[in-house]
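Visitor: Sequence:
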Amino acid sequence: MTDAMKLAAEHGRAWRSNAVRPMGDGANVRAIHPTATLEALREAFGGPLPDIPQEGQGVIRDLIAAAEPGLVGNTDAGFHAWVMGASHPVGVAADWLTSAWGQNPGIYQCSPAACTAEEVAAGWLLELLDLPRNGSVGFTTGATMAGFTCLAAARGEVLRRAGHDFDELGLAHAPPVKVFVAEDTHVTNLAAIRYLGIGNRDVIRIATDAQGRMVVPLLARSLSDTEGPKIILATAGHINTGAFDDFPALADLAAENDAWLHVDSAFGLWARAAPDRKARTAGLERADSWSTDGHKWLQVPYDSGFAIVRHPDAHARAMDMTASYLTQSPEGGRNPTQFSPELSRRARGFAVWAVLRALGREGVAEMIERHCAAAELLGDLLRDLPGVRVHNDVVLNQLAVSFHTGDGGANVTAAMEERLNLDGRYFFRTASWKGETVLRVSVISRETGVADIRALAACVDREWSAIRTT
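Each step along the sequence shown adds one to the number in the working numbering, with nothing skipped, and position 413 is 619.
Read the hints as simulated data drawn from the structure, not as lab findings. Among these hints, one or two may not hold up.
[To be verified] Here are the simulated lysine to aspartate or glutamate pairs, EDC-like style, with alpha carbons at most 16 Å apart: (1) K484 x D452; (2) K212 x E261; (3) K484 x E575.
[Stated by the list, open to error] So the derived label-pair ranges between C-beta atoms look like this: (4) A416 x L377: 50 to 58 Å; (5) S430 x R567: 35 to 43 Å; (6) S671 x A306: 49 to 57 Å.
Even for Gly, the Cβ is constructed at its ideal location relative to N, Cα and C.
With the sequences and hints as input, model every part of the structure.
Guide: What follows is the structure, given as structure tokens:
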């Protein structure tokens, strides 16, 4: 090991061992908010490009000094702003090896080990999530590219059913593909649709209920009024509420209208791995494709996502790359480039394989059940506070909360966010939901449990009392 590698490994261990614990037991050695200004970061990272090579250990030492004041503690138990995982230590170790090995799993011959690790991990994922065992899995940077990959397969397949040879003719002269989405679908879905050459004119937005679920009768009417190729884009785990669309009804509509049903399930899909939560996903397995993250609830280090498709042929038609120098042999294994949009990329399967081995089926289920129970507890505790409104039914790990004072019920949620973030133990952000400012609470850090949530609720109670009495 070089001195630079040794220093990086030592600092990585120290960074993770010094994580903030919001319960407050003397271990709070650093805040989870960045401490440096933009100007300070630019100065620390800046300066002229060196003319001559620099000594490696010194470079790593300078990198640590420049970066650490600008890092966010999203691996800490007090981080609740967005749905981000906490990078399981075994996954981090596997990721270090991945970098050291420097493998490119474009095709089997590039790295038999990397490709086989992905093949085995893909099978474990389908089993764990109880999805079609003969489905295909593409390893991507995250749910955004996973959604793009699945929707590319969908676009090609619905056009093929309509008699259009997309591989030969592309979008030129193709019948327009209509995509049906919730009116507040996640922004990455709209980005993926745009990347695929489908404009706003062909995106049909369906109104949602108070939990963010598509209103099924409105979708049914819109589908029946539309001719041509169709894709329905549903949601498992709404970003604000954790809600699930009515999958049995959506699957029926997809079958009746010869539409492809895709499920954006960046974190909600993992409810299928938890016995007490799986019922909320009933009917989801009838979809044609699913996009999800590994770096959220599975706690795989960034970047990790999975494009899962029921129809491997459609998946491969959309993604496969062939060239004379990309040789294959009968003895060769899985070629990952058939199922993701990259030829050269990181060997993501090693970390996924390692985390699945480390957690096992029971470990994944326990973590998900614990996070959901913690979110339910927090919802119950916050509802008891005067002027506090929990907007959603807590069915998963998400809460949308607002705070109101005065006779007019003024929304002071932004002020609560500021107070909760003040001492560095917690990291929160607000959002706009159904026309109101809400505090989004995501319970997803690997070790977060009931004790952490009780400490958070007590903190909210103190800060809210302070606001109400001023």
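Visitor: For each hint, tell me whether it holds in the structure or not.
Guide: Now for the hints, and whether the structure bears them out:
no., hint, verdict
1, K484 x D452, "holds (14 Å)"
2, K212 x E261, "holds (14 Å)"
3, K484 x E575, "holds (10 Å)"
4, A416 x L377: 50 to 58 Å, "violated (37 Å)"
5, S430 x R567: 35 to 43 Å, "holds (42 Å)"
6, S671 x A306: 49 to 57 Å, "holds (52 Å)"
Going through the hint list in order, the structure does not satisfy hint 4, though it satisfies all others.
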